[in-house]
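Line order of the protein sequences matches chains A and B. Under numbering that gives the first Met the number 0, the first sequence is numbered contiguously, ending at residue 216. Under numbering that gives the first Met the number 0, the second sequence is numbered contiguously, ending at residue 231.
What the hints contain is simulated information worked out from the structure, not anything from laboratory work. A couple of the hints might just be wrong.
As the list claims (entries may be wrong) - Only pairs whose alpha carbons sit at most 30 Å apart, straight line, appear in this in silico DSSO-like list of lysine-lysine:
hint	chain 1	residue 1	chain 2	residue 2
1	B	Lys-82	A	Lys-110
2	A	Lys-47	A	Lys-110
3	B	Lys-82	A	Lys-47
4	A	Lys-33	A	Lys-194
5	A	Lys-62	A	Lys-47
6	A	Lys-141	A	Lys-194
7	A	Lys-33	A	Lys-110
8	B	Lys-82	A	Lys-33
9	A	Lys-110	A	Lys-62
To be verified - Selected chain B positions facing chain A (Cβ under 8 Å, derived; list incomplete):
hint	residue
10	Pro-91
11	Arg-92
12	Gly-109
13	Val-110
Note that this is a predicted model, so its numbers are computed, not measured. All C-beta atoms in this analysis are idealised placements derived from N, C-alpha and C, irrespective of residue type, glycine included.
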Amino acid sequence: MKAKALVILLLALLGGCTTTVIVEGTVPTPLVAKIPLEVGVHFPEDFKSFQHEEVIEHTGTFKFSLGEQNLTFFRNLMAAMFDRVVEVGEPPLARAEAAGLDGVIVPEILKYGFLTPGISGLNFYSASIHYRITLYGANGDKVADWTLVGYGKAEGGAFGRGDALSEATLLAIRDAGARIAIEFPNQPGVDVWIKRRNIAGNSGGDQIEPVPSPVEG
Amino acid sequence: MKRRVLFAFGWLGVIVLLSGCVSSRIEESRTANTGIQSHEALVILGRASYNDRQTEVSFTDCIANALGSGSTPIRMIPGDEFKDSLYPWFEPRTAPTSADDLALLFAQPGVQERIEESQVRYLAWIEGDTVTVDQGGSMSCTITSFGGGCFGMSYWEEDASYEASIWDLQNLTSAGEISADANGTSYLAGVIVPIPVLARPGNAACKALASQLKDFLVGTQASAGPDIERAR
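Please build the complete structure, drawing on both the sequences and the hints.
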């Protein structure tokens, strides 16, 4: 009986060293001019249920769950950026699914990182998220590929460790979203794609050749 | 033992004499006439950057509270509410860095309408922080079966330095800058129990900056001569 109680106590103590961070909060709808195009968005499974786990020596284990927050935000972001958005399967799309679409956007999370005051020596918690946004043309060819990093930091004083990391992560999503809303239309390849699709739309054109992306070399 | 207690009380006397000794300095530079009507609002935003320092949320909250209360309160729009309503244009990496960028920002669809809707007349960017510039002394605490206590003294000196840049969102210009610097030393004396004597230069800088900012906005004429400078 005593041994059992000791094991329970030990597990409870070990459990106390794990910080589970569930990213919660809201990110507002961007106030930007809508791109007058219709796009499909494919959210990969990894993106929808993104999780990150890291063990830091002498500090403990950190578990982050940010897929749901990312998904909600990106749905909102895409709807604010384009005239019409539909969620689609993985590109290349079947002819029926691609009908009427000017392109398909695929967001991915490449990497997540965080710092605590104990690691950085600073007074705040910080988080970074590396995203890749890939744009495919109407015929399924890659048009552009953009990697960007969202940063966020939160003061540790007013929050607990988990709350501060959640806040920093939400700010990182918000930062990346701001950059996507403002800078995506001007990315190499995307700008020409928007121009060509608008011309094609105005002249009643249908299929066009994709614009080669500089990142494809 | 008696000698140590007397020594500690001696130090305490010195500390009490020095308590609340925070020196602060305010400087103001005006570039345009100002004035604010009761329906017009002010927004206080802290400059956030991705280096190792940033303006504390508690400081911008302190300024906003001080300006929004008192005998002549100014209508305040919370910074978070303002940033949310204009997302993504006031994020750390997208916010305008000078008043010259305001015209470009107002050309963005919906931005001018949102600002006019909320009747925000002025935006004050707060930049700066409070840092510990010096610390020293020593204090030890012991607990025995006969009791416990702390003896000794430690101190830390803090320097609070902040600047407010005021932008007129009606005329899309910079109205001026106000800077506040405060310096003070806090003590922790161990006389059986630890006795803190806190200087709080951050609080002093907040009060001084808020007071000057209110005077600045509530209506004065642009100075024809050199910048107004006042030391308190």
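Hints violated by the structure (listed by number, smallest first)
none
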